[in-house]
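Protein chains: 2
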Amino acid sequence: MAKRVSMKDIANKVGVSTALVSYVLNGLEKEKRVSRDVAEKIHKVAKELNYKPNRIARSLRKGSTHTIGLIVADISNPFFGQLARVIEDEAAELGFTVIIGSSDENCSKSVALIDSFLDRQVDGLIITPSEGCSKPIRNLAENNIPLVLMDRYFPSISTNHVILDNYAATYSATNHLIAKGNTKIRIIAYKSTLNHMQERIRGYREAMKANGLAKEVAIRKVRYHSVKSDIEKIIDDLFNEKKISALLFSTNNLSISGLYSIRNHRLKVPDELAIVGFDGHEVFDFFQPPVSFIKQPLEEMGIESVRMLINSISGKKEIVHKVLKPQLVVRQSSG
Amino acid sequence: MAKRVSMKDIANKVGVSTALVSYVLNGLEKEKRVSRDVAEKIHKVAKELNYKPNRIARSLRKGSTHTIGLIVADISNPFFGQLARVIEDEAAELGFTVIIGSSDENCSKSVALIDSFLDRQVDGLIITPSEGCSKPIRNLAENNIPLVLMDRYFPSISTNHVILDNYAATYSATNHLIAKGNTKIRIIAYKSTLNHMQERIRGYREAMKANGLAKEVAIRKVRYHSVKSDIEKIIDDLFNEKKISALLFSTNNLSISGLYSIRNHRLKVPDELAIVGFDGHEVFDFFQPPVSFIKQPLEEMGIESVRMLINSISGKKEIVHKVLKPQLVVRQSSG
DNA sequence: CTGAAAGCGCTTACAG
DNA sequence: CTGAAAGCGCTTACAG
Numbered sequence: 004m005a006k007r008v009s010m011k012d013i014a015n016k017v018g019v020s021t022a023l024v025s026y027v028l029n030g031l032e033k034e035k036r037v038s039r040d041v042a043e044k045i046h047k048v049a050k051e052l053n054y055k056p057n058r059i060a061r062s063l064r065k066g067s068t069h070t071i072g073l074i075v076a077d078i079s080n081p082f083f084g085q086l087a088r089v090i091e092d093e094a095a096e097l098g099f100t101v102i103i104g105s106s107d108e109n110c111s112k113s114v115a116l117i118d119s120f121l122d123r124q125v126d127g128l129i130i131t132p133s134e135g136c137s138k139p140i141r142n143l144a145e146n147n148i149p150l151v152l153m154d155r156y157f158p159s160i161s162t163n164h165v166i167l168d169n170y171a172a173t174y175s176a177t178n179h180l181i182a183k184g185n186t187k188i189r190i191i192a193y194k195s196t197l198n199h200m201q202e203r204i205r206g207y208r209e210a211m212k213a214n215g216l217a218k219e220v221a222i223r224k225v226r227y228h229s230v231k232s233d234i235e236k237i238i239d240d241l242f243n244e245k246k247i248s249a250l251l252f253s254t255n256n257l258s259i260s261g262l263y264s265i266r267n268h269r270l271k272v273p274d275e276l277a278i279v280g281f282d283g284h285e286v287f288d289f290f291q292p293p294v295s296f297i298k299q300p301l302e303e304m305g306i307e308s309v310r311m312l313i314n315s316i317s318g319k320k321e322i323v324h325k326v327l328k329p330q331l332v333v334r335q336s337s338g
Numbered sequence: 004m005a006k007r008v009s010m011k012d013i014a015n016k017v018g019v020s021t022a023l024v025s026y027v028l029n030g031l032e033k034e035k036r037v038s039r040d041v042a043e044k045i046h047k048v049a050k051e052l053n054y055k056p057n058r059i060a061r062s063l064r065k066g067s068t069h070t071i072g073l074i075v076a077d078i079s080n081p082f083f084g085q086l087a088r089v090i091e092d093e094a095a096e097l098g099f100t101v102i103i104g105s106s107d108e109n110c111s112k113s114v115a116l117i118d119s120f121l122d123r124q125v126d127g128l129i130i131t132p133s134e135g136c137s138k139p140i141r142n143l144a145e146n147n148i149p150l151v152l153m154d155r156y157f158p159s160i161s162t163n164h165v166i167l168d169n170y171a172a173t174y175s176a177t178n179h180l181i182a183k184g185n186t187k188i189r190i191i192a193y194k195s196t197l198n199h200m201q202e203r204i205r206g207y208r209e210a211m212k213a214n215g216l217a218k219e220v221a222i223r224k225v226r227y228h229s230v231k232s233d234i235e236k237i238i239d240d241l242f243n244e245k246k247i248s249a250l251l252f253s254t255n256n257l258s259i260s261g262l263y264s265i266r267n268h269r270l271k272v273p274d275e276l277a278i279v280g281f282d283g284h285e286v287f288d289f290f291q292p293p294v295s296f297i298k299q300p301l302e303e304m305g306i307e308s309v310r311m312l313i314n315s316i317s318g319k320k321e322i323v324h325k326v327l328k329p330q331l332v333v334r335q336s337s338g
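Protein sequence lines, in the order shown, are assigned to chains A and B. Residue 95 in our numbering sits at position 92 of the first sequence; the count goes up by one each step and never skips. Residue 194 in our numbering sits at position 191 of the second sequence; the count goes up by one each step and never skips.
Warning: the hint list may mix true and false statements.
To be verified - Here are the computed lysine-lysine pairs in the BS3-like style, where the Cα-Cα straight-line distance is at most 27 Å:
1. B:236 <-> A:138
2. B:224 <-> B:65
3. A:138 <-> A:47
4. A:112 <-> B:50
5. A:271 <-> A:231
6. B:138 <-> A:50
7. B:138 <-> A:47
8. B:11 <-> B:33
9. A:138 <-> B:47
10. B:65 <-> A:65
11. B:231 <-> A:298
12. A:246 <-> A:187
13. A:55 <-> B:138
14. A:55 <-> B:112
15. A:112 <-> B:35
By construction, these hints were calculated from the structure, which means they are not laboratory data.
Start from the sequences, fold in the hints, and give me the full structure.
Listed below in C-alpha cells is the structure:
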C-alpha cells in the first residue's frame, strides 16, 4: 500500500500548520475564522494529494470511534439478518459503522465478543443477551457503557432495552386458537430462563387459564443446540397420542423445524393439528395451508435500538424501555 | 464511563517504564528478557486494575487494525447472511474482526462503504462487487489494498477472487433438464453484465447448443429492484403461452420469487413446468414437489475468502483465483 | 535487564 | 487570522 498522505503533508505543501488543515477539513473554517485563500488552498491540495483522513488517529484523540458493536445470536438466522440490515442502515444514516458478532446463545462467546468490541473502543453495544449471561451485562451497565438490550433483557438489571410485548404476543395467539375451538393447545419453547421465552410462555399460560383451560397447560421444551431431534420427538409423541389439537411455536427457528416434522408426518393442518408460528418466514407462505403467525415489527426494533443507543452515547442518562406491539397474522393453519 | 486504565497507570504503580509493561503484556518477556518478578508484578497489577488494552492506540502505532471490511449485496438475504456467518467465524479464529455493509447492488453505496471502511483503516476487504463498479475496484487493486472479490469478479482487473464455477453450474442443470425430456427451457437471470450472471447464462446457452437446442435459447431478464413484478410478468406470459416446459433460476432470490408466482398460478410441477433453483432455501423443501437446485459450497467460499485475504494482508503478493464446484441436488421438481 | 524518548495522525487549548 | 505544542495510548529502536 502506498504511503498514505497525512495532514502534515498537506500542511507542508500549503505552508501552514496542521491545525489549519484540521480546521478546514473539518468544516471549522468559519468558526476558527480561517482566511479564504488558505482554506481554498487546503481544499485544493487535499484533493490533489487524494487525502483520506485516518479515523483511527482521530478516534484515539477524540476518544470515540463512531462504531457500534452488535451482538446477535446468529447472523445467519434471517430474523437477525433482517434486524442487522435495519441496524446497519440506520447506523449509517447517523454516521456510525457497525461491527457484528454471533454469540450462538453462548455466554462465553458473548463475553469474548464484548471484550473484543470494547478493546476496539466501540462507542456502544446493541446486544441480544444469552441465557445466564447477566453478570457481564451488569458489568457493562455499571461501567456506564452505552448499551441497548434487544429482543430480551434482564429485569434485574437496569439497562435500555427494546423488545416485543412477548406476553401479549402469545396471549393473543392462544386466545385465537381457543376461539377456533382448540382446547388441547401446547406451546413449543426453548428450554431457557431468558425473559422473552418466559414471557411467551406466560402469555400462553394466562390465556389458557383465562379460558378455563388451566389443566391443559403444557409446555414442551426444546434445547437450542438440538432443536431438530427434540422437535422430532415432540411431534412423534403428538402423532402417536393424537391428544393435542394445536401447537404454538415461540420462535422462528422452532416454527420452521416444527413444520418439517409436521410435514414429514403428513399431519393434516389445521384439522388434525392447528398451528401458529412466530416471526414470519417464506416457508410459512408455502406450507399447506399457509401458516398463521405472530409478526414482530423488525424495522421498528432495529431503528429504535440504534436511536436509543446513540442517544445514550450522546450522553443521555435516562434509561429507556421500549416495548413493541406484535401483530397476529391469521391465515389457514390455525383453523 | 469510568476513566480507562492505561499502560502508564500500570507502569507507575509497578514503578517501571511503559516499555516493560508493553513487552510483558504482549508476551515478549522472554524475547526481551524481562526479569521474572517485574513480569509477575506487571501481570498482577494489570489484573488488579482490570487493564484493557486500547486497540485503537495499538492500531495507530502499528498501522494495522486486524479488522476486515465485508461488503455484500444485502446481509438480510440468507445467502449472504450465511456467508457472513462463515466469514465472521473464520476471521475470529484468525484474530480478525469484521465490519459489514450492504451495497444493494448499487455502485455508489459500495463506494461509500469502501471509503468508510478504508478511513477506518481496515486491513483488507472482501467484496461482492456491484454492476458497473469496476473503477473503484481497479483503484483498490492498483493501490495494493488487500482485496478478495467474492461471488463475482471483473475479468479485466487482476484481483484475488473466490467464485463458483458458474458456467458448470448452469451447464449441468440445463443438461439435466434436457435429459429429463425438456426442450423448451428458459433461464431467468438478472439484467446484469456482472460476470457471474453472464457465466450462468453462458452455461445454459452452451448446454442448449450442445444438445441441438440453439434455437430454443431464450433468456428472460429481471431487474434487481423490481424482481417481483418482472417475474410475475414472465410467469404470466408463460402461463398464457404454455410454450415453455422448464425454467432455470439463476439466483436464490429469483428462485423464491419465481416459486411464489408459480404457486399462485397453480402450475403443476414438473408436469406443466419443470424447475431448477439456485443456492438452496427452506422454501425449496416445502414446495410441492421439492425443488431441485444448484448448491453452492458456502462454507468453503467464506473460509477461502478470509484465508486468501489474510494471506494477502500478510504480504503475499501472488494473486489467487479460486473456483469452487457446484453440486446439482436433484429432487422432483425437475422431472 | 531497564528507561527515556520518538512517533503513529490526528485535535484542540493556548498564545500571539 | 495563524502557529507551536501537547497529548490520546500504545510500540519499538536505541542506549546503557
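Results for each hint:
Of the pairs offered as hints, the one joining residue 236 of chain B and residue 138 of chain A is violated, with about 55 Å between alpha carbons and a cut-off of 27 Å exceeded. Between residue 224 of chain B and residue 65 of chain B the CA atoms are separated by roughly 49 Å; this puts the pair beyond 27 Å, and the hint is violated. With a C-alpha separation of about 53 Å, the suggested pairing of residue 138 of chain A with residue 47 of chain A is violated against the 27 Å cut-off. Note on residue 112 of chain A and residue 50 of chain B: the hinted pairing holds, with a Cα-Cα distance of about 21 Å set against a maximum of 27 Å.
The hinted pair formed by residue 271 of chain A and residue 231 of chain A meets the criterion: a straight-line CA distance of about 21 Å does not exceed 27 Å. This hinted pair checks out: residue 138 of chain B and residue 50 of chain A have alpha carbons roughly 18 Å apart, not beyond 27 Å. At roughly 23 Å between alpha-carbon atoms, residue 138 of chain B and residue 47 of chain A fall within 27 Å of each other, so this suggested pair holds. Simply put, residue 11 of chain B and residue 33 of chain B have alpha-carbon atoms about 21 Å apart, close enough for the 27 Å limit, and the pair holds.
For the suggested pair residue 138 of chain A and residue 47 of chain B, the alpha carbons sit about 23 Å apart, so the restraint of at most 27 Å is met. Pair hint residue 65 of chain B plus residue 65 of chain A holds up; C-alpha atoms about 19 Å apart against a cutoff of 27 Å. This hinted pair checks out: residue 231 of chain B and residue 298 of chain A have alpha carbons roughly 22 Å apart, not beyond 27 Å. Distance restraint check for residue 246 of chain A and residue 187 of chain A: the Cα-Cα separation of roughly 7 Å lies within the 27 Å cut-off, and the hinted pair is therefore satisfied.
Our distance criterion of 27 Å between C-alpha atoms is met by residue 55 of chain A and residue 138 of chain B, whose separation comes to about 18 Å. At roughly 18 Å between alpha-carbon atoms, residue 55 of chain A and residue 112 of chain B fall within 27 Å of each other, so this suggested pair holds. At roughly 33 Å between alpha-carbon atoms, residue 112 of chain A and residue 35 of chain B are farther apart than 27 Å, so this suggested pair is violated.
Going through the hint list in order, the structure does not satisfy hints 1, 2, 3 and 15.
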